[in-house]
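*Asks:* Model the placement of chains B, C and D on the given structure of chain A, informed by the hints.
4 protein chains.
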Amino acid sequence: MAPTGTKKGILERLDAGEIVIGDGGFVFALEKRGYVKAGPWTPEAAAEHPEAVRQLHREFLRAGANVMQTFTFYGAQINEAACDLAREVANEGDALVAGGVSQTPAYLSCKSEQEVKATFQKQLDVFLQKDVDFLIAEYFEHVEEAEWAVQVLKTTGKPVAATLCIGPEGDLNGVSPGDCAVKLVQAGADIVGINCHFDPETCVKTVKMMKEGVEKAGLKAHYMSQPLAYHTPDCNCQGFIDLPEFPFGLEPRILSRWDMQKYAREAYNAGIRYIGGCCGFEPYHTRALAEELAPERGFLPAGSEKHGSWGSGLEMHTKPWVRARARRDYWENMKPASGRPFCPSLSNPDSWGVTKGHADLMQQKEATSQEQLKALFEKANKGQ
Amino acid sequence: MAPTGTKKGILERLDAGEIVIGDGGFVFALEKRGYVKAGPWTPEAAAEHPEAVRQLHREFLRAGANVMQTFTFYGAQINEAACDLAREVANEGDALVAGGVSQTPAYLSCKSEQEVKATFQKQLDVFLQKDVDFLIAEYFEHVEEAEWAVQVLKTTGKPVAATLCIGPEGDLNGVSPGDCAVKLVQAGADIVGINCHFDPETCVKTVKMMKEGVEKAGLKAHYMSQPLAYHTPDCNCQGFIDLPEFPFGLEPRILSRWDMQKYAREAYNAGIRYIGGCCGFEPYHTRALAEELAPERGFLPAGSEKHGSWGSGLEMHTKPWVRARARRDYWENMKPASGRPFCPSLSNPDSWGVTKGHADLMQQKEATSQEQLKALFEKANKGQ
Amino acid sequence: MAPTGTKKGILERLDAGEIVIGDGGFVFALEKRGYVKAGPWTPEAAAEHPEAVRQLHREFLRAGANVMQTFTFYGAQINEAACDLAREVANEGDALVAGGVSQTPAYLSCKSEQEVKATFQKQLDVFLQKDVDFLIAEYFEHVEEAEWAVQVLKTTGKPVAATLCIGPEGDLNGVSPGDCAVKLVQAGADIVGINCHFDPETCVKTVKMMKEGVEKAGLKAHYMSQPLAYHTPDCNCQGFIDLPEFPFGLEPRILSRWDMQKYAREAYNAGIRYIGGCCGFEPYHTRALAEELAPERGFLPAGSEKHGSWGSGLEMHTKPWVRARARRDYWENMKPASGRPFCPSLSNPDSWGVTKGHADLMQQKEATSQEQLKALFEKANKGQ
Amino acid sequence: MAPTGTKKGILERLDAGEIVIGDGGFVFALEKRGYVKAGPWTPEAAAEHPEAVRQLHREFLRAGANVMQTFTFYGAQINEAACDLAREVANEGDALVAGGVSQTPAYLSCKSEQEVKATFQKQLDVFLQKDVDFLIAEYFEHVEEAEWAVQVLKTTGKPVAATLCIGPEGDLNGVSPGDCAVKLVQAGADIVGINCHFDPETCVKTVKMMKEGVEKAGLKAHYMSQPLAYHTPDCNCQGFIDLPEFPFGLEPRILSRWDMQKYAREAYNAGIRYIGGCCGFEPYHTRALAEELAPERGFLPAGSEKHGSWGSGLEMHTKPWVRARARRDYWENMKPASGRPFCPSLSNPDSWGVTKGHADLMQQKEATSQEQLKALFEKANKGQ
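Protein chains in written order, with UniProt numbering: chain A, 1 to 384; chain B, 1 to 384; chain C, 1 to 384; chain D, 1 to 384.
Hints were generated in silico from the structure; no laboratory data involved.
Quantities reported herein were computed from a predicted structural model and do not represent experimental measurements.
Any given hint could turn out to be false.
If several chains are the same, the list does not tell them apart, and a pair holds so long as it fits within one copy or across any two.
Derived lysine-lysine pairs resembling BS3-like cross-links, with alpha carbons at most 30 Å apart [stated by the list, open to error]:
1) 111 <-> 37
2) 216 <-> 154
3) 205 <-> 319
4) 32 <-> 335
5) 319 <-> 111
6) 8 <-> 154
7) 32 <-> 262
8) 262 <-> 335
9) 319 <-> 37
10) 154 <-> 205
11) 319 <-> 335
12) 117 <-> 319
13) 205 <-> 262
14) 122 <-> 154
15) 335 <-> 205
16) 117 <-> 220
17) 205 <-> 220
18) 122 <-> 37
19) 122 <-> 205
Okay, chain A solo, but in the shape it has when bound:
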């Protein structure tokens, strides 16, 4: 194994103006592969099926990712194994290892700053012991909790990135993206941005607002985006979780590789230099990011040996009309059909308007009882 020290760190890269490609979300990809249970979404596969986790890391690396996020979790016993897997694969290429923390049930249940910070602190031990390259505070719906996380992570001396899962309307307390970003930078974040909950278009738009806020405040930061690989123009402020299709009917919303190239270009044009993904990303989505930005970066990812740019691999297809699709303008202008004429194109999101402090959000200790479910159904039906 090559020692980590020979690689440039995340801030060295960003300071030098390099583009950093992030990886994709693990829980959705591994759910489809059979190793993560939707609902609890816990990462025990890192210990139970390391070969599956290693393989996914490897595919994202091959697709061009420069970051391997450890497949860890706040309550998990298996975080050591997860760190080792991420490091093992990172060392197979030009990638860094990032450890992450995310929003806590403690915060939603209105525990004190001290208690919430203790939760973050507890997760740091393994990251320090395994010497990850940098830290990410991600998937926060309330900027206040994210600030607390950044403050804890900063105590390690490692670079800290912070992403919220919010849209242009701001966090669930109504703090605007620009103000959120200022708070995060002031709390010590080196990189700020958006992850999860919304599609690339929405995320890039929101990061732009963050950037404007930071610049207006006379501060400096790097910017990152890790959006969904699902089209979500119909979301409300809580993102794709409120869509009726979440999480088992999202297929028709999956982005194509061409949608991803558009995303990479727009993110780049918006000044974002850490460009990755979240739920729904498959390795070919990540590869599309790296391919779109190959002219700026000067190289293609390893995985492009199996991918002709803009469909050029079809030049070898048996059928002549498929060969005729081997061109950029064909794919760039395609409006792909859903094959589902009995389905609508947009949905009305559920929206119960509950957030931090609401009794319904207290962490469930056991599976919801039949009576609780009945009450929920009635609420849901009235809501429509």
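*Replies:* Structure of chains B, C and D alone, referenced to chain A:
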């Protein structure tokens, strides 16, 4: 490794009325993971990246598949490696290994029966040497070529399955599904059916027509279906290859797990007992087949440890309105939105009407030249 | 007023190869104007509000219609007034007056041939007294009843046209369109075709099948089509009545004038020479038929003084980007959006499979009772 | 004829809390009937075909409209005839006559306030001579021009209503709806609101913003809305004129009667009491407004003798499954299909960003030349 002999063979299972779950297509799944190039679609990954191929085999096994098709190809040098990988994983569970042959450029170029049969014969050596459990002649658009394949495969003494990639309108020479099936059974096929090119609904409908033909002719056979995981109500007789979205814009057409459960039930009700998939299938699709038929089979696949039936895993979700989705009627009746309001729901397929013997279909030796491409584009544009 | 005698009769025109433009359906157009009640669909407006009926006749005449169908009905006392209105407007231009009969509750309730024929006979008196130019037996779902109608109409010595409201699957007894047409010609019809229930594409396709049947039988006839102005690709054999949108939610299905030009061209190419419309047609739809066929006919309808061909009237629009739409290829290739992203593009038709002789079809004497409605709702809900 | 004086004036009605139902737009309705040319959209039909204009007035009256807007135009010689027609029909029922002025080419071409006001002044003569009941300044994209119009109209001593054709983003100079409304009230308007350019949902939303602005400024006014009968969720600030479907492909966007009832209720709830329509409205749309508000008003319009509420007329339908649709919840929850699976649900509006003062907007004296059109097409194609 457990000796193959301890497992029941494919015909023993089907004769006993058991349901056999097939695996999914490898080229599309591995293309998304970065190991297969769209266009040539060749399986060199079996040698170059065996861990990736092994992992996919394992995921399908875990999802409940009883068959591991070797990731081989008519021209490939690496078929030995592919057979070993399939056997290795099959031995980790209750699965058989199947070797397959498919339609040949030789046939499309109007080579003689002798020449075409020689192509099939050449592929048998490795299957015999590696002692696969049975053989599949699959992905044939002309029943005549499939008959030749069956005749060659039958010489091995192993059970033979034969599937065409046709729809209810019949093969590309206009032979009806019923007549196709009769010809295949008469050529020696033990199992007949449909694979690839069409969605589950169309494939089940076509296999039904095959079954009616076989029964009307006083013959007997087992039936199988290995459809796409894409909705294709708008296809013409040549299937999804003619859709403008093929192969890089098919995302909005991907079936959900609930669509798959519906397919499994309809296939079962139609008398099909070998129920699998083809292009577009991910392991969770295969798992859905095994879960739908768990009552008939008496057991769930290993992968169901990470999947609550009909969304029951959501009972533990933090958000109460997501918990309210933990019920069968919610997912069964869902009409998922595409999130793409600027896209249509159906496409007009390309249809150049060329088939066996047409000059445009001669195997390309080299990438299509710029001049050839220009000619194709003009043809394509006129066609619209 | 010019005497009728100076005009060429319907058969003279068709025998000479002329194109005859039919008018559109009155009940739907007058329902939107406030003079017909949906449900009973009766024509009392001819007596109660003659100015409204006269105005609609006049608009169709101005749009190019060569036929004024009397706004009459089998049970109506006001048929004299209706005939007078039709004649009054017909005499304002080059149009003929046609009296029509359509399917009867008597037939659905399994009355005898004699009883059904008596119903038709009773309606003839006013048509003879008012000396209409020809007769139409239209809107029949069972060819047997249409034959009876034709036999009765033929006794008048006037030319007889006969149209069924069926699609390519044939009449509700399963008689194919080709066989239906042969029966109608043998019963004495001079003109045969399709009206109502399906969109232009389906109707033209069905008339083609009728024409093939007639020609195969060595017979001769003229052909006519009077389709809906609604897109109905998702209908089953009973047509648009089974669509869940019937009759108060059909708006998104309304054809544009460009769709109508396409229809006129396809009907003409199929050998249809009596080209008109039915429910949903507004005068501008009829005008589009006359405009499309102006090159063949050598003249434009009067109403075209207020319509530039292919959007050319927009050359005078204030906004430059609207002026840019003043061209044929713009409108011909338009795929108009619905503005309804929460709606599907196709519906599942209701289909209760009841036809002639079923108790549910007996004519209602009084409004359905609350109990009957409740029973129907339950049936409907189970059906979905 | 009953003397006008016996009727309550517009302000008496609104001051008393009564609901006033407006009529619908004439140019679109008469275009479909063959009497108005799309592009110039001029009202010469009032003189050339008075029976057609009278009939449409009558249908709106019968549908419940309390206002007959004269079918007049700034340059038209035929305004006397138009006033007489409106008065004739108004006197047949409980309706008032309103004369209107709208935005002028003079303003777009940057003529002076004096010149623009002279244009309005010139149109007043006939309204005064014919003694219309009140005046409407409508269809203004720039509030400045609307203020000038109100100032001129106020000199007559008649009540003045003023509507802009803007959405929530404000007028084309970026003045917010709230500020626009304040300016109009300060200029002397008794009634303010929105007409044309957007669908009911957008118009009601915008009038709400106007009302908030007026109330915040401590002023008082009555409110009106006269929206399109087309769904336009995809419009930009210039409204439906920028949609690619304008004006000849709008059919799939037409509102149903149920959509209209929803509009009437929402307008009423928003405090709007003058509730009418604009382009796309047919008499049955207006009737739906009057029917929805019948409980508040205590009576149904005359036209409801031919309309059962919520589909109740279907209780008499022959087919039992159509009888099952005779209920409110069926129609209220319907998501009507377009029957157009090859079309999208939303469009990208053209948006050239030109407004007052731009050379392209100068009034065309003659039809656009072929060269001008060519230049426009090129611009349009580059824009996409």
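*Asks:* Decide, hint by hint, whether the structure agrees.
*Replies:* Taking the hints in turn, this is what the structure says about them:
1. 111 <-> 37: within (27 Å within a copy, 52 Å between copies)
2. 216 <-> 154: within (24 Å within a copy, 48 Å between copies)
3. 205 <-> 319: So residue 205 and residue 319 pass the 30 Å test across copies only (26 Å; inside, 41 Å).
4. 32 <-> 335: both (26 Å within a copy, 20 Å between copies)
5. 319 <-> 111: between (63 Å within a copy, 18 Å between copies)
6. 8 <-> 154: Within. Shortest intra-copy distance 20 Å satisfies the 30 Å Cα cut-off; inter-copy 60 Å does not.
7. 32 <-> 262: Both: 25 Å inside a chain and 18 Å across chains, each within 30 Å.
8. 262 <-> 335: Result: close both inside a copy and across copies, 14 Å intra and 24 Å inter.
9. 319 <-> 37: between (41 Å within a copy, 16 Å between copies)
10. 154 <-> 205: For residue 154 and residue 205, only the intra-copy Cα distance (27 Å) is at most 30 Å; the inter-copy one is 47 Å.
11. 319 <-> 335: both (22 Å within a copy, 28 Å between copies)
12. 117 <-> 319: Answer is between; shortest inter-copy Cα gap is 23 Å, intra-copy 60 Å.
13. 205 <-> 262: within (13 Å within a copy, 33 Å between copies)
14. 122 <-> 154: within (14 Å within a copy, 64 Å between copies)
15. 335 <-> 205: Classified as both: same-chain Cα gap 22 Å, cross-chain 29 Å, threshold 30 Å.
16. 117 <-> 220: within (25 Å within a copy, 54 Å between copies)
17. 205 <-> 220: Cα proximity of residue 205 and residue 220: one copy only (19 Å, versus 39 Å across).
18. 122 <-> 37: within (24 Å within a copy, 44 Å between copies)
19. 122 <-> 205: Neither: 34 Å inside a chain and 50 Å across chains, both beyond 30 Å.
The earlier numbered hint that this structure contradicts is number 19, and it is the only one.
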